[in-house]
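Peer 1: Keeping their order, the protein sequence lines are chains A and B.
Mind the numbering: the first sequence is residues 1 to 312 in UniProt numbering, read in order.
Mind the numbering: the second sequence is residues 1 to 273 in UniProt numbering, read in order.
These are computed hints drawn from the structure, not numbers from a lab.
Keep in mind that this is a model prediction, so the values were computed, not measured.
One thing to keep in mind: the hints can contain errors.
To be verified - Just a few of them, taken from the derived set where beta-carbon distance is under 8 Å, the chain B residues facing chain A:
{"#": "1", "residue": "L32"}
{"#": "2", "residue": "F33"}
{"#": "3", "residue": "L94"}
{"#": "4", "residue": "F104"}
{"#": "5", "residue": "G106"}
{"#": "6", "residue": "P121"}
{"#": "7", "residue": "I124"}
{"#": "8", "residue": "I244"}
{"#": "9", "residue": "T255"}
{"#": "10", "residue": "R263"}
Backbone N, C-alpha and C define an ideal beta-carbon position, used for all residues, glycine too.
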Amino acid sequence: MSGQSRREARRGLAYSAPMGLWFTIFFVLPLTIILIYSFLKRGLYGGVTGEFSLVAYQQMFNPSFGRIVLRTIWISIVSTFGCFVFALPAGYAMARSKHQTLLLFLIIIPFWTNSLIRIYAWISILSREGFLNQMLMKLGIINEGLQMIYTQGSVILVLIYMFVPFAVLPLFTTIDKFDFSLLDAARDLGATKLQALVKVLFPQIRGGMVTALIFTFIPIFGSYTVPLLVGGKDSTMIGNIIVDQVNKTRNWPLAAAFSVVLTFLSMIGVLWMLSSNRHSEKLNAASKLQDTTQQGVEKRVHLHHQDDGGKA
Amino acid sequence: MNLSSSHRVHRINERRWFSTSNIILGLTITFLFLPLFVVVLYSFNDSKGMAWTQPSLRWYRDLFFSSPALWKAFYNSAVVALTSGLTATILGALAAIGIKWNRFRGKAYIATISYLPMVLPEVIIGISMLIFFSWIRMPLGMFTIYVAHTTFNLPFVFLLVGARLDEFDYSTIEAARDLGASETQTLWKVVVPSIMPGILSGFLMSVTMSLEDFVITFFVSGPGSGTLPLYVYSMIRYGVSPVINALSFVMIVGTMLLAWVFRRFLKTIAANS
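Kindly generate the complete structure, drawing on both the sequences and the hints.
Peer 2: Here it is in structure tokens:
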């Protein structure tokens, strides 16, 4: 037994040490450096000095940054909500459809298309001489181009666009594993359509919902390119502060402090996701057990009927 | 009898193709494709501005015959995508095999840490890599891009191969070992062939992610090591040229071909992305 487990340990380590080492050097170590830098004093021309300091964390609460933090939270909540409004029904419809491969295709193609190209496409739609303004003018609805780009609205729209697939895909895969006859059963027992969805479907797909939430909210919260390219002064986000602090202001400790906070937020998200996926797995296993029991009962009833038929 | 037929009617009613969820799915897909159609349409427009003049292929001529910097960037992208994709696939697949079936010290650490790069905002991965490379005084260039891309690709391979291993019967491996196969023989003749779909979709995912990444690459690239997304970014930032529209069409077609070739794995990829 102990020889067996020693062999297991040796084998496990031999296979997974290369990846473990890679992550330790190129991921854990850089994050540790970031953590250390956030507690140091900034250098004169970028970089840091060896002195301990909490200035970076104090600067985070500076009102001008505070406003950007609040705005980032606001934009992220609205965009994540927007993604869900599309993604939950879409994922459900995909799971119930007979044409799943085709639909996956249609979701994945824009998702795989280069993100900068997709942002650029929105620039050419929303800009003053862009597609939308031209269409509206041709139809006689407006006389001169509207200012649609470089606003908070355009940032939210494009963020929803970029992250909808991140919500659709996990929702689709969890709903796909759901046994839809349970919904029929709930309806037969007198539940309304909405009650059946909220009380039967939602608890079963909780893991997928949390995964979708994490996969949309966190990248939106840390987004940089979208506010940079389609946003204006009223839509700078935390990602933009971090990059500016590294490249322009050269205040590395402040950039590091913001990164530390974002990292912690993401870690909490991951832990939540892992625990609720485990929870859903348990629920799914329970419903599968129920299924087999039900099938057993049905089979017995069926046999019984046949028996009756034989006698008659 | 009566009960079951009413049941069936009820079910058919629920599957009406014009139900609310189907309409929203249709809207979502239209929403996702509309911008792509707009760029493709304008790529055939003769004028430099947004007003439609007449159909023309001049931007395609520019793209293919007079954009050497763009093709250099594409070459860089391809080199990084293939090398980092290959490294991530080998390391990630091995780790998934090791972790799935064995108990050992450090397993929890590796399993947990392998999720993080996937969910951490890209800006943070980029910044931490930049600060790390500057700390070890490694000059930025193709090698640093390769390292960064391998790091953010590893979790996807690890997950996709792991998902495939879940469906695989471990007793087959025990049988191979009992029959006297060595560790390498078991790996190459039993494990690898049966998880090939997972390995291929991991590699495909890596290549796509690497070709697509802008933010992380932006931080860790040096002079002369620009990738295609970086080139596209500079085109958007400093004077838009309709060549970008033509490039978009080529890239959309490329994406569709890639998705078509790997259509067998779409569901596995969806499950883990």
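Peer 1: All hints are to be evaluated individually against the structure, with a verdict given for each.
Peer 2: Cross-check of the supplied hints:
no.	hint	in the structure
1	L32	holds (4 Å)
2	F33	holds (6 Å)
3	L94	holds (5 Å)
4	F104	holds (4 Å)
5	G106	holds (6 Å)
6	P121	holds (2 Å)
7	I124	holds (5 Å)
8	I244	holds (6 Å)
9	T255	holds (5 Å)
10	R263	holds (6 Å)
Violated hints for the displayed structure: none, as all numbered hints are satisfied.
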